[in-house]
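S.K.: Order-wise, the sequence lines are chains W and H. Heads up, the first sequence is in this note's numbering, so the first residue is 227 and it goes up one at a time. Heads up, the second sequence is in this note's numbering, so the first residue is 19 and it goes up one at a time.
No lab work stands behind these hints, which were simulated from the structure alone. It is possible that part of the hints are untrue.
Said to hold, decoys possible - Pairs of lysine to aspartate or glutamate, EDC-like flavour, derived with a Cα cap of 20 Å:
id : chain 1 : residue 1 : chain 2 : residue 2
1  : H       : Lys37     : H       : Asp247
2  : W       : Lys462    : H       : Glu400
3  : W       : Lys523    : H       : Asp236
4  : W       : Lys523    : H       : Asp229
5  : H       : Lys281    : H       : Glu505
6  : H       : Lys148    : H       : Glu179
7  : H       : Lys220    : H       : Glu179
8  : W       : Lys523    : H       : Glu400
9  : W       : Lys462    : H       : Asp397
10 : H       : Lys353    : W       : Glu468
The primary structure of each chain is shown beneath.
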Amino acid sequence: MSTESTPAPSSSVAQDIQPAPRFAVSALVTNLREYGLVLALIAIMVFFQFTTDGTLFKPVNLSNLVQQNSFIIVMALGMLLVIVSGHIDLSVGSVAGFIGALAAMMMVIWPLGFLSNPLVVSIVCLIIGGAIGAAQGYWVAYHRIPSFIVTLAGMLIFRGMCQALLGGGSSVGPLPAGFKALSSGFIPDLIGTWEIVPPTVNLAGKTIVGSGLSLHMTTIVIGVIGVLAYIYFGLKARRAREHHGYHAEPFVLFTAKTLVISALVLFLVYQFATYRGLPIVLVVMGLLIGLFVFVTKRMTIGRRIYAMGGNAKAAQLSGINIERLTLFVFINMGVLSALGGLIIAARLGQAVPAAGLGSELDVIAAVFIGGASAMGGVGQVIGAVVGGFIMGVMNNGMSIMGVNVDWQQVVKGLVLLGAVVFDVYNKNKA
Amino acid sequence: MVSTILEMRGITKTFPGVKALSNVNLSVEEGEIHAVVGENGAGKSTLMKVLSGVYPDGTYDGKIIYRGQECHFKGIHDSERQGIVIIHQELALVPMLSIAENIFLGNEHARYGVIDWHANEARTTALLKKVGLNEDPKTLITNIGVGKQQLVEIAKALSKEVRLLILDEPTASLSEKDSQALLDLLLEFKNQGITSILISHKLNEVNRVADHVTIIRDGQTIETLAKGDISEDRIITSMVGRALEDRYPPREPDIGEIVFEVKNWSVYHPIHAERQVIKGIDINVRRGEVVGIAGLMGAGRTEFAMSLFGRSYGRRITGDVLFRGKPIDTSTVGKAVQHGIAYVTEDRKTYGLNLIDHIKHNITLANLGGVSRHGVIDDLRELAAANDYRGKTNIRASSVYQMTGNLSGGNQQKVVLSKWLFASPEVLILDEPTRGIDVGAKYEIYTIIARLAAEGKAIIVISSEMPELLGISDRIYVMNEGRIVGEMAASDASQEKIMRAIVRGEGKAAS
Ligand SMILES: Nc1ncnc2c1ncn2[C@@H]1O[C@H](COP(=O)(O)OP(=O)(O)OP(=O)(O)O)[C@@H](O)[C@H]1O
Ligand SMILES: [Mg+2]
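Could you put the whole structure together from the sequences, leaning on the hints where they help?
M.R.: Set out below in structure tokens:
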């Protein structure tokens, strides 16, 4: 018998290029979660915009919102990798608190000379964060001790060490202004301010804060460049796929998605520009998000983490060093927890024993709202980020509305449950 | 007078992007053994899942008429209540529970929620006797082999007062002997009036026990043959849509120098540290040679291969691995892969695939370096590679973006094979490469093996199907109880000779 007579596989390969209309619908269905999540965030924003009488989107409040919640998103980036690889890290809030305390001691109390420079302290703290992550990851990776237990221990240990370091219940501060800029600073306006409506001057000859309209032009330029780059790379990737005859997202969906996201970004950037420009912490966060999207989507290490979370044995038999990879995931988490701790301390201007207390729950919730699976192997960076924003907007909006903290917890809990139920329902339907 | 126990009419079932069944009809007579055959992905398992309520009423079109009544099963419980019991392609036993616990899982003999273990164990003993399994009901499932696990599944079915027993590839991972025993059991059930539906790719078995055979191709019923008309060739023709003259592709072996050599390889059991599983094995493979390893289930072939491949099995491993005459370090899978060794597992779900990811990502996993630069993956190159291998191994799927968990068993196997072909190894170890694969696809896999050998690769094939080994190998090692007990050129090997070597080895081991 000749090999030619085996059934030709060509027909099945050709199915890759699917007719557009059928595909548009199925793409919407399969990506319902992704689109749904962004729509949910927008809906929540609009909801609070009304219930807070427009305070939510006030430039001042937007800056506050970012400064208060960015640490959740920063830590959620690390937590996403931890959860995708099939683990959990309960210690992040305590590690953040401990690092904040350590940073404060180094800068304010201990006589370290030039070593107490904020930049040096920050770098040392990030390294120590990585070491803490390594210490925990070691037990998980090389001794197969469940991460839940190891990090539960870590949660107790580092909360205790945080309090011990601060000498019982006291707080340590004030922290140097250079350090506080990490959270409360704004990027400098290199281009200059464009004053559209000059501020009103009162009878005493002083300008009234918040009156008039001037734009932080560096912010505007960064925003516009960012959006243009987003559109350009989106189109380029699309064209490359089409050029090679592979299906891309249907054009309608692609356009709609690009427009909505661009409009949202431009609107927010404009709001920031009317105030004092982009907060530094937002820029840090943005760069980190970009980095993690790239690592998870495009880099081999990201791919390996997903494979490990999906089936660790199969990943190992494919030549992946799962012990080392697990260790890496925890080191990364440690560094980001440390960064979270620095951001918290910088915002408060001092280290307090309760810094970061309970934030591990917000971080984990953000990742699960973002669609990650508790079984590992599934989850997206953007999902976790949007999940983090949903938590942040709810925190902020409910606080402005004057909702009691107890009830805020209830609402956040319900949203988490709702998001996961929606997920499961969606999956079963497919 | 024969009566029809089951009629499935016009069954159509679609998954997003895939029409798995279109207008399938199946009619089964009371008390017969009805075989359902077809290529991988033809829709056999799907049809049985429709029948047993795994896919509930409303998720498919068509009618199910069972014992004269139209049925609307909302779930597996509904069908079980009517005496329809399915044993899935992948066994569903809880490994850390005992045989008795597994058999009565979900319907324990209990009073006010308190389990009466004596009653359960007594009934289990009776059931095990019926299926001819001689084990203590308290034995844990992990401690018995697949063959016996299969019998436990059947005992479990019997405990549910089964009228219609559905077996989805029950003998795929059984040894020749265990398969025979299982088929005999089915024939005995037939005498007791139990109807069976048997899905199998082993046509000789179908030939032996089936009263009717229904052939499915691409989600459609092709025909139903009655006992008198059943022959392997007839089935194949209708399965693949053409006659298959040869089961094995022709080869002109061009065998060169020794490429891969294992010397004095010994391995101990990972848990029972004193038990030696592999006892000083020496083998070698030459360039362009296909070497088969024959043996019975439990001979230690998989353990041998996995211990070679990055010490993925066992402890206290000693011995040397030589590649082109030089000792190489294969102590981790990464190092083994770097030295050009690949191992295609026999257990695709546990060791082979990331079931929650799509075909493309699975194919490139073992060779991400091949589609990336400086750790950055080139998406288009990856897509092209995945499509290329999908074509080469003829994986049937809507696209390379289909989740491997949703593929039919045989197509999953092809994905695992593609993954390792893409890693372009020099030494390829294939462990039961055609388990659960249809005749047509088997031929394709043999063709791939022949092509790789012609390219100068060294290939080791582990298989429990002796005709297969005889058909594709150049040389055969016979393994038994962790030892090589025989070596023969394929040209003068035969099933009898292999069996004799095993028996002789057994005698040696006993003395
Ligand atoms: N949950 C699912 N989602 C999407 N497609 C599916 C799903 N389950 C099965 N399919 C598709 O339906 C088709 C039939 O699959 P099925 O498992 O019934 O094949 P089969 O005849 O049992 O094959 P095999 O002999 O390989 O076991 C295949 O193309 C498969 O990819
Ligand atoms: Mg099947």
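S.K.: It remains to establish, for every hint, whether it holds in the given structure.
M.R.: Evaluated hints:
no.: 1; hint: H:Lys37 - H:Asp247; in the structure: 30 Å, violated
no.: 2; hint: W:Lys462 - H:Glu400; in the structure: 18 Å, holds
no.: 3; hint: W:Lys523 - H:Asp236; in the structure: 35 Å, violated
no.: 4; hint: W:Lys523 - H:Asp229; in the structure: 53 Å, violated
no.: 5; hint: H:Lys281 - H:Glu505; in the structure: 15 Å, holds
no.: 6; hint: H:Lys148 - H:Glu179; in the structure: 13 Å, holds
no.: 7; hint: H:Lys220 - H:Glu179; in the structure: 28 Å, violated
no.: 8; hint: W:Lys523 - H:Glu400; in the structure: 13 Å, holds
no.: 9; hint: W:Lys462 - H:Asp397; in the structure: 13 Å, holds
no.: 10; hint: H:Lys353 - W:Glu468; in the structure: 38 Å, violated
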